Amino acid sequence: MTRQPPFQMHGLDHLVIRCVDLDAMRRFYCDVLGCTVDRHNKEFGLFQVRAGAHLIDLVPIDGMLGKKGGPAPYKDGLNLDHFAIQIDSFDEDELRSYLGEHNIQIVESGPRYGAEGTGPSIYMLDPEGNTVELKGPPDPALN
Amino acid sequence: MSKQPYAMKGLDHVVIRCIDLTSMLHFYCDVLGCTLEDEDKELGLYQVRAGDHLIDLAPVEEPMGAHGGPAPGRDGHNMDHFAIQVEPYDDDAIRAYLASHNVELGSTMIRGGAEGEGPAIYIKDPEGNTVELKGPPDPDFN
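Top line first, the protein sequences correspond to chains A and B.
Read in order, the letters of the first sequence are residues 1 to 143 in our numbering.
Read in order, the letters of the second sequence are residues 144 to 285 in our numbering.
Chain B extracted, bound-state conformation (with noise of 0.2 angstroms):
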């Protein structure tokens, strides 16, 4: 067998499957901080930038998101989640802004990341997906 004819950098983008477009992109711009890059009306893509990285909205009633059968449902997930980098991390500040918007906040951890242990808080998008905000690794931790 041969070997991979290339390299890994790292994550490009993750495509989240979604119902109501309008408060996902209320959530992940208005709230999180994604700025709307570009969108495929006719394919149903909505692209929006985490930093140096995207976050792609597909609605179900929408050609590319139909493919997929049905809307997720609560359970039975195949992500159980996704981490977006953030800095600076500051639990207070940051568990104050969230609440703000009504955002269902879970614990915050000191959890394993790609760039070792440092604070995360798991939050919920509107649609029941688990997005964890990760904060530097922590150098007390590694």
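Just chain A, with the same shape it has in the complex (with noise of 0.2 angstroms):
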């Protein structure tokens, strides 16, 4: 047995998301957290956005690749808990505000460990109620 891969990993380059309603899941990514249309591959139903310098993609579930995946997410016991994605400046009070403004529910919000040490976050649901994290960059009194 071979004990080393043969690669190094240089981190995420993307993660899927199943959906159900592509439109309100784009409306979310893009108008309110600013992600951009990156490609839309409507022959296998692959809807990629640009959060940085990573992509989400959404798989609405009725489409080529969706299906494969078989029903609609169970609300209880789905695979992915949360993501995060990195955000260059985090104001709790002004993202609050912003994100009430779109109507967003807001689950908590609070220093956490990331993959650049503790600083703030701050977790929501997207329209299916996946739990997202934006992720404020590192505290220097927390590290």
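Rather than coming from a laboratory, the hints here were simulated on the basis of the structure.
Source: prediction; values computed, not measured.
One thing to keep in mind: the hints can contain errors.
[Stated by the list, open to error] When the alpha-carbon atoms are kept at most 30 angstroms apart in a straight line, the in silico DSS-like pairs for lysine-lysine are as follows:
1) A/75 - B/267
2) A/75 - A/42
3) B/152 - A/42
4) B/267 - A/67
Combine both chains into one complex, guided by the hints.
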């Protein structure tokens, strides 16, 4: 058995979320959070939005790719608990006010450990109940 | 409506709900090469590093994972898959290596990723989550 992988990992590239209502999801990820549309492959049923250096892919469950994953996500028993997006500045009052304008439900907030250290985070639900974390830069006082 | 009070840098981590932490840690660390970075046993959160980012494992029997209800099944997932950037990408070497660890291998394809079109292989972790190992963009396809 080979003991070492024949590659090095650089980090995450993208994640793919299965969804029911693509329009509502697109509005949330693009119009509210600020992702930009990267590509839309209608044949496969794959809508890719850019979140900084990486992609979030949305796959409607009734499209070619989405059907392979079976029924709509089971609200109890999800495989992805949540995912986090790094943002370049974190002003919690401003974030709450901005997200409030869009009627986004905030779940919680507080310092959390992430890929770059401990820093402030705020958690919200997307239109289909996935938990999304916006993660600020690491706080020198907490690291 | 105002504009976002921030700019996005990229992904930071994904948190996967799991049943058997030992087999998941074996797969992500011993096979794929992640390193265990932090474990919060009180919360039930086990964080492994994949390059610049983290993959977090939350066992469904422990407090954090329990919030999400029952264990995930084989279908009805909210996350179809996620992708990790790897380099170099030698398909034969990667397949031979993963096969030696009895990893379930899918097809290799040229796929679009955050940095452009390049080779990728789809594999299954021990609990049926699809993980894509994504090679660097291939100049022939970009």
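Checked hints:
Our distance criterion of 30 angstroms between C-alpha atoms is met by residue 75 of chain A and residue 267 of chain B, whose separation comes to about 22 angstroms. Of the supplied pair hints, the one linking residue 75 of chain A and residue 42 of chain A holds, its CA atoms being roughly 26 angstroms apart against a limit of 30 angstroms. The hinted pair formed by residue 152 of chain B and residue 42 of chain A meets the criterion: a straight-line CA distance of about 27 angstroms does not exceed 30 angstroms. Note on residue 267 of chain B and residue 67 of chain A: the hinted pairing holds, with a Cα-Cα distance of about 18 angstroms set against a maximum of 30 angstroms.
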